[in-house]
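*Asks:* Could you put together the complete structure from these sequences and hints?
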Amino acid sequence: GAVVSQHPSRVICKSGTSVKIECRSLDFQATTMFWYRQFPKKSLMLMATSNEGSKATYEQGVEKDKFLINHASLTLSTLTVTSAHPEDSSFYICSARTAGNTIYFGEGSWLTVV
Amino acid sequence: QKEVEQNSGPLSVPEGAIASLNCTYSDRGSQSFFWYRQYSGKSPELIMFIYSNGDKEDGRFTAQLNKASQYVSLLIRDSQPSDSATYLCAVNLHRGSTLGRLYFGRGTQLTVWP
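So the sequence lines, in the order shown, correspond to chains A and B. Quick note: the first sequence uses the working numbering, first residue 1, plus one each step. Quick note: the second sequence uses the working numbering, first residue 1001, plus one each step.
It cannot be assumed that every hint is accurate.
DSS-like, lysine-lysine: derived pairs with alpha carbons at most 27 Å apart [stated by the list, open to error]:
#	chain 1	residue 1	chain 2	residue 2
1	A	20	B	1056
2	A	20	A	66
3	A	42	A	64
4	A	20	A	42
5	B	1042	A	42
6	A	66	B	1042
7	B	1067	A	20
8	A	41	A	64
9	A	64	B	1067
10	A	41	B	1042
11	A	14	B	1067
Distance ranges between label pairs, derived from CB positions [as the list claims (entries may be wrong)]:
#	chain 1	residue 1	chain 2	residue 2	range
12	A	17	B	1045	31 to 37 Å
13	A	85	B	1009	30 to 36 Å
14	A	57	B	1003	15 to 21 Å
15	A	18	B	1080	40 to 46 Å
Calculated directly from the structure, the hints in this document are not laboratory data. Small disclaimer: the values here were computed from a predicted structure and weren't measured. Yeah, the Cβ is synthetic: ideal placement off N, Cα and C, and Gly gets one too.
*Replies:* Right under this line is the structure:
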């Protein structure tokens, strides 16, 4: 079974609203998680590194005020897309790193902004 | 984003043939290299990782790394129709960076026909 769970797997929201995506490590504690975005027929693009108890580190070109990341516990990181617009519609995937430096990916979350 | 380039494909091979997937990367600081397989609408699955120059074999899969040429490849022997998927090359800056912070290529779509 999945060791990293994302929720929701699919979400539709109205333009201008905010939506939160959760990433949970089920069997291990993850001090570091990562968020990616993937547009159709494109590759995964790293958005940010989420560190438990501290601020996320964003990749160049990713708006930190639009994509809010919170990593409040060792098993949960959340990505909130604020004031979502249709161009934010994408597949959002998280990954989590174990203490043994193994990376597990979540199942992904499809966001559609209408 | 660090540049990771893959031959765009699509690559089509007959069942039983060897499929060769190639990847180049721009950052000489890259320390670890990964091949993932991704089915449409799903999250990536790790096939292999390689850290050192040379070949690494795992079953039907062989990863080859040449850091001097900044080149990494994946060979799939005895290709099966079930191998049909998009193959993603990913690199990680290990030194001074966070393990798991992966930069992906656009992927090569492989089709293995019976």
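*Asks:* Against each hint, give a clear statement of whether it holds in the structure.
*Replies:* Results of checking the hints against the structure:
{"no.": "1", "hint": "A:20 <-> B:1056", "result": "violated (40 Å)"}
{"no.": "2", "hint": "A:20 <-> A:66", "result": "holds (12 Å)"}
{"no.": "3", "hint": "A:42 <-> A:64", "result": "holds (22 Å)"}
{"no.": "4", "hint": "A:20 <-> A:42", "result": "holds (23 Å)"}
{"no.": "5", "hint": "B:1042 <-> A:42", "result": "holds (13 Å)"}
{"no.": "6", "hint": "A:66 <-> B:1042", "result": "holds (25 Å)"}
{"no.": "7", "hint": "B:1067 <-> A:20", "result": "violated (40 Å)"}
{"no.": "8", "hint": "A:41 <-> A:64", "result": "holds (25 Å)"}
{"no.": "9", "hint": "A:64 <-> B:1067", "result": "violated (34 Å)"}
{"no.": "10", "hint": "A:41 <-> B:1042", "result": "holds (12 Å)"}
{"no.": "11", "hint": "A:14 <-> B:1067", "result": "violated (47 Å)"}
{"no.": "12", "hint": "A:17 <-> B:1045: 31 to 37 Å", "result": "holds (33 Å)"}
{"no.": "13", "hint": "A:85 <-> B:1009: 30 to 36 Å", "result": "holds (32 Å)"}
{"no.": "14", "hint": "A:57 <-> B:1003: 15 to 21 Å", "result": "holds (20 Å)"}
{"no.": "15", "hint": "A:18 <-> B:1080: 40 to 46 Å", "result": "holds (44 Å)"}
Consistency note: the structure conflicts with the earlier hints numbered 1, 7, 9, 11.
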